[in-house]
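J.: Work the whole structure out from these sequences, hints included.
If you're matching them up, the sequences are chains A and B in order. The first sequence: position 401 = 400 (numbering that gives the first Met the number 0), numbered continuously. The second sequence: position 113 = 112 (numbering that gives the first Met the number 0), numbered continuously.
What the hints contain is simulated information worked out from the structure, not anything from laboratory work. Please note: incorrect hints may appear among the correct ones.
Beta-carbon label-pair distances, calculated as ranges [what the hints assert, rightly or not]: (1) B:Tyr-26 / A:Glu-117: 48 to 58 angstroms; (2) A:Leu-854 / B:Lys-292: 48 to 58 angstroms; (3) A:Asn-639 / B:Tyr-26: 47 to 57 angstroms; (4) B:Lys-124 / A:Lys-577: 39 to 49 angstroms; (5) B:Leu-312 / A:Glu-911: 48 to 58 angstroms; (6) A:Ile-816 / B:Ile-309: 34 to 44 angstroms; (7) A:Ile-816 / B:Tyr-26: 15 to 25 angstroms.
Predicted model, so just to flag it, every value in this text is computed and none were measured. We treat Cβ as the ideally placed atom computed from N, Cα and C, and that holds for glycine.
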Amino acid sequence: MNRRDFTKFLTTSSLLLGVSCHRPEIFHFTNVKQEHSTSYENIIKYCTNFHFANFPIGIFVETYEKLPFRITGDKINFFNKGVVPKSALGSIYNLYDKHRLSKPVVNGKETSLNEALEHIFAKIEKNLAQDKMIAVFMPLINSPFLKFKISQIENFTDKIIFIGIPPFDFFSSQHQANYISLKKNLYLLNDITKATTIINFGRDFLEHDPFYPFFVSRLSDNRNLKIFTFEDTYSLTGANSDVRIPIRLNDYLMFGLSFLKKLLQTSNQKNFYENFIDTFNGIELPTIPENILPHLEYQLPNIHFLCNDYLPPSMQVINLLLNFFSKINSPKSLKEKLISLDLQYYTQNKQKLEKFLKYPDEFNLLIFLDYDPYFYINSSLLKQVGEFSPENLITLSLYKSKLSENSGIFIPLQHYLEYWLDLENLDKSVCSQQQIVLPFNTHSISLPEFICLISNKIEPNATTNIYSDELIDFYKKFYNDTSELSENIRNGLFLTSAKSLEIEIDFKALNVQSIFNFLKSEIISPTKNTLSIRIIPEQDTYAGMYSNNVYLKELPSSVEGVSWDTPIFIPSQLAQEKEIINYSKIKILSGSNSTTLPCVVLANITIHSPFLIYRNNYYFEQFFHRNNPKAANFDFLIPNISELTINCEIQPTNDKFEVAKLNRTIALEEISQKLAPLIENSTQMYSNKIQPPGNKWTMIIDVDKCIGCNLCILACQIENNIPVVGKEQILQKRDLYWINVIQLKTRNGKRKFIPILCQHCDYAPCESVCPVGATSHTTDGINEMTYSRCIGSRFCMANCPYNVRRFNFKGAEDTHINFEPKMTNPFVTLRSRGITEKCSFCIHRINFERTKSSLFGIKDFSVTTACQEICPVSAITFGRKSNILIGSEKIKDLKVLLPNLNTLPNVFYKIEYENL
Amino acid sequence: MKIYNIKKKIIIASAVLSSLGLLTAIYTFIYGLESWGIHKKVVWGIAIVNFVFWIGNSHSGTLISAILYLLRQEWRHPIHRIAETITIISIFIAAFFPLIHLGRPWFFYWLFPLPNQTSLWPNFKSPLIWDLIAIFTYMFLSFLFWFLGILPDYQHFKFKNPKIKHKILSFLSKFWSGSTVNWVEYRWTYNLFAGILTFVVVSVHSIVSFDFSVTILPVWHSTMLPVYFVVGAIYSGLALLLFVSVIISIEEHISEHSRVNLSKLILTFSYFTLYFYLLEYFYEFYSQDQNIKSLLSLRFDSSYLWMTIIMILQIFILPQFLWLKKIRENTKFQLLISSNVVIGMWFERFLLIIPTLSYDLVVNEKISYVPTFIDYSLTFGSLGFFILSFCVIGKIIPMVPKSET
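T.: Rendered as structure tokens:
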């Protein structure tokens, strides 16, 4: 009997005994198996555009039949150049969310879509007959087709007005500033690609910013940038700045003026300077920090000034003047940096809104189309809407909300991946927002389809086409060659060629003296000593509109690493004064209203500037604490003024609050020990002849580039079906993130961010100790995990010095909060209870590429991991060792984590100690 | 009568504890490790502390019966069966903990080299496999040794049911007639077993220590750990043995000489343990390794300080009273000191295992670990099970050998 026969014999006997190894993991796949074959052939990459803060940003959605599973940035898109905001990435969840799938409700009763629509049309007809006005609120969408449809209605009747307001109304102060100084409807966007220095007045352009994709894509082009930030909060931009100067909200204007004074002095504009001195005589201006002065003297044309959109118009004017006077000697560069945005459309809407706010009695019916004043921080609108009776309110939204519960008619709206829309770009080219999947809910309707239906209903001559056909008919008018149209649709419907982006402004016509006088009148108000809280709307969840998105809720905040909660950040001086303890609840009193919020004490902000990153959690409270109807009332935190501050009183309470924090910091003294060059004294452990060591998969993370936005964590989570575990599990330190970002505070106050993932060590300490060999080394250097073999002894976790392995205390289905369907990516298995998991270097992508290349007979192939694909600043490089580490000299510059343990990691870090 | 009442109460208490432990074990099996206090960093909780602790307790048995037998120490006779029974029960309890601590305990048989169609074998490089082999060998051999030791006493078995008694005794009578030939063969086999077991007893706990010493984590990664573990194991085992002997001596006759000798051994081993404990700090001083330094300083960290102080008091300072003859010979003090040493050794195991696991090497940060109710009930359940099963075995089998006294 040979060995094989002997094994067979023993196997049979062990089977008879009822003890045989079987693979339980397979059953997780059976659900999916029916629908999807194991080949990747049917994957289609859709290029579509995501409506993000009024700008269409290009994204790719990779789908498998009906199931989208991956969102990445479109590198050729003008606006975002491949940078994807967290909200776009996390929104794939909103598509599947089971709370979204509900039926239309008419007067508290569930009905069908058609019936609800009939009710709406009846109401509209009734109102038109009564000669009353109807207001339709919707987010500002720059769509030619919708504009056409809306204009059709408006031509036919002036009783229906459409009000499109951008989220958070961030144009407001910019718009006013433009009106004061330029008398033009322009929005000026600084293109920072050619800047060497940015002087930033409180703009968090790396996180809470409507133009996040724009700025980050520009920032990644330009890594030699020096950033000086003046801020009253502690933001990610501040943490990434070379110099961060904490100031109070009132100080922005004063600092702006002293910069202006300095610029006028240096830029040979003596008459302006004299004007300035005359106007601001007797006003003491703060001194400019010394480390900025040399930049002002030598690099003036390359300095760009940025300003927070929520700061008052006077500050916006100063910012405009600063940019103007810094470039006055080289007008060419001024021309290059300005990008215009036609605000006429916005102005029209603004006027309509003002009309509504002034004469609400003229209106009888309000229709909210994906627009919720509770979440777009618009208090004046909220006040007026509150006086309408439920009968006269109609809501169409993705989720049931506070507004929809008060409305007579509610219809669920479709997700943006479910419908067609055309969008106009910044450069006036038109692109499409493509339908990626058929609507999950047959009772839902899309926003454009609804407008289209009303339009066709109102206009008697209209042909009642299907919306998408009508959209294509609309564009057929512009195209004689229909084949071109269909190609355009496939490519993302770029219908007209891009126009010039640059505009010229005649600054000579500026009346500088009048502007100075205006500024002077603004600063006379003495600095207030009353406490005010700065409200910063969270962009990722649209200030809470999508706070039901558990992915975004769990994702740790970039600087403080707070997960799940929206604490108020209190300056440490204020905390001492008021005897507030860190991680306690504090009471906020404003007028007769009060609420309690968890607080986090921060050292690096000035005493009068507590700030709150605002996220109205109403949806969340409703869905997750159904038995507890007492949802916290945040409404009074919606400020009345455009600077987004509220005057209030803060009182400490005795309640403690457990803040789920996920960030870890590494001390500066230790970094040279922990991240050091590889000790090259050992031979290859897995030296085999089939795969030379150069063939190993290797990752290089550029710590100097990393901005700490945590996008890699989110991308990894969605790619690898990592469940959202919930706050309680995070408090018990049982999060399942495969990537952790640790922070390093440098000497000059700047922060560095170091993403830590499985290091795929050559001498992997986890492999040798696994009793069943569930974790092993592949021939191309990947430390792989066989989930079905793992019995959960957790020896690998104990022996991993990097703490990157995670244990499934429950199965993925049980752990994941509100998880339907079972997975976001059908090519990665869901992990069952009691097994360990960790970063796999996206092994499913590698296997796919390998199969593909072997089919086509290609020898070498490249792979991008999910984290690499999404990294907005391209800090992650992944590939074969021989390809990405050309020459041995490069390895010497690179650092590895904990080299003294001699684990020979395959993840390298690029960090220069001199910069720290 | 009074003693009988106390005994009854102890048995009831231990039955309650062990059933609680059993229930929580079943709960863990059904609902997973979610209910434990472990998390992403401290992945081995007090289940592993208990494992090492009970393995340690099992060591006294073989030491008394095998090593002292080979050294012809006559005072071992009255206590060797107690020691061996402790061994058997302890090792069963010890083997239970790694089993229930698995993420998927129903697949524990994957640890065995079972032939299968996919040619999957366990990873023989893993210390857990060594553990498994060592523990099962030890369990098997100790059981045989224990069985061998009770053979001459089979007539004294106390079964209530006459039918079972008759069957078992008639079966055992085939092995043992008490003849001279029997005794000669018996001595020869006993000698052989004692020889093998002496080797096994040293190797088992060395192998258990490999679970820790083959890792790359500071403090654990040390060559002295096997010896330290063996010494610590014998120390705690001796203390447990003394404790049980004192209690049994209330009813049965155990010569004072044996207990005094045990006390002396405990005193000796307290020094051995102290030596290795100090050696850890010497290593820290000698290597100047920052990680070892900060890790050892964790033991004096606010959350573990109380435990360290109690542990030092219990296992290093309190046994020094055994230098005094009066205390050494006083049963009450023997009871007090031995029980304290047993508890202290549990703390010692805790302090060896948990701080190292809770220490994040990358950012030099401690991630705290708080055991839950389930963790504690499993721990106390194991204690209850120990007492209960000892009482049950003691009810059937004479704990003080009749044939040798």
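J.: The structure should be examined with respect to each hint, and the outcome stated for every one.
T.: To see whether the hints hold, each was checked on the structure:
no.	hint	result
1	B:Tyr-26 / A:Glu-117: 48 to 58 angstroms	56 angstroms, holds
2	A:Leu-854 / B:Lys-292: 48 to 58 angstroms	56 angstroms, holds
3	A:Asn-639 / B:Tyr-26: 47 to 57 angstroms	55 angstroms, holds
4	B:Lys-124 / A:Lys-577: 39 to 49 angstroms	59 angstroms, violated
5	B:Leu-312 / A:Glu-911: 48 to 58 angstroms	51 angstroms, holds
6	A:Ile-816 / B:Ile-309: 34 to 44 angstroms	42 angstroms, holds
7	A:Ile-816 / B:Tyr-26: 15 to 25 angstroms	23 angstroms, holds
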